[in-house]
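Listed in order, the protein sequences are those of chains A and B.
According to our numbering, the residues represented by the first sequence are 1 to 136, in order.
According to our numbering, the residues represented by the second sequence are 1001 to 1217, in order.
Since the hints were made in silico from the structure, they are not lab data.
Backbone N, C-alpha and C define an ideal beta-carbon position, used for all residues, glycine too.
A few of these clues could be false.
Claimed, not checked - The calculated DSS-like cross-link candidates involving lysine-lysine, where the alpha carbons are at most 25 Å apart (straight line), are:
#1 A/Lys57 <-> A/Lys44
#2 B/Lys1215 <-> A/Lys109
#3 B/Lys1021 <-> B/Lys1215
#4 A/Lys112 <-> B/Lys1113
Said to hold, decoys possible - Heads up, incomplete: computed chain B residues facing chain A, CB under 8 Å, no partners named:
#5 Pro1027
#6 Val1096
#7 Trp1120
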Amino acid sequence: MGNKDNKMTDKQMVFYPDFLFREAIAALIVVIVVIAMALLMPMKMGDPADPSDSSFKPVPEWYLMAPFYLLKLFPPSLEIMPTVIIPLLTFIFLLIMPFVDKNPEVHPKKRKLAMLLMGVGTLLVILFTVIGVLTA
Amino acid sequence: MIGRIIDVFDRRFKFKDDFKKNVLDHPVPPRVNFTYCFGGITFLLYVLLLVTGIAAMFFYVPSVEHAFATVEYMTFDLPLGNIIRGIHHWSANLMVVFVCLHMLRVFVYGAYKNPREFHWVSGVFLLGITLAFSFTGYLLPWDQKAYWATKVGVLMPKSIPLVGDFITRLLMGGSDLGALTISRFFAIHVVVLPILTAVFLVAHFLMIRRTGIAKPL
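Based on the provided sequences and hints, a complete structural model is requested.
Structure (structure tokens):
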């Protein structure tokens, strides 16, 4: 019996209609959520830009908050670290990652080091973003 | 009716069989779960951004004198203007979320490994393009927070020895944030980045067609 069940769920799917149907449901949910957000949180305007008013405290959007927060962590003499070095190294690391990680295993349980590094990296980004947003 | 119209074009272009074989009947591994939707959702959000972005361009004027006023008109006076701006804004925010979720899913499933290394590489470029879209779009309403947040951003490359000043001047179009900055950011936001996106997206999609998506664990 169990064998038969496996065969049922392991049946090969095709893009249309099997996969596209799921994507269509997900797409519908996303469109509804986006329209609901636009309706429930209407857009506002700040004051017009005033280049002479340097007292304005700039706050970036949340997705750029991590590098913005790093900027505050380093002393001005080491400014190049958060502005250039760390973002550049992160980008280069992500680019070459598939060629550095030669481990052919795909299951997370057999890729402990890779999972640990990615977990720590992700947590740091989330942490910097949260602290940045809370202290801004 | 629609079938006959399609047939008229199929007689000239012969796309029907290829489309059925390569797109509709393309095999998908069994047991894919909802996390496999993240990439498709990212693309859907990009399409929403394109449509609302084009609509916004019908009204927006990228100049120091008119940028704020035209966005203000869209936000408060234009029928449906606030919704168009809102969909653009929230799609942009969600797109960053779903790019990250998609990357995390691909990482956890080891889907970036041979033979899909370059799928990942093109994806990392698309991440960079997404953030560049966000950064350049943020300035366009030309309000206080846009102006001063962008100032922090464009001054960041300044700390690079030798070429830093040049990069900052290149981004700003001069020694200060002004008329040329807004033209430049607008051109990058609505022309340069969409073209780059198209190039990397086509590569991303063609490669995933060739190899198929990675099998679930």
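Return the numbers of the hints above that this structure violates; sort them in rising order. none
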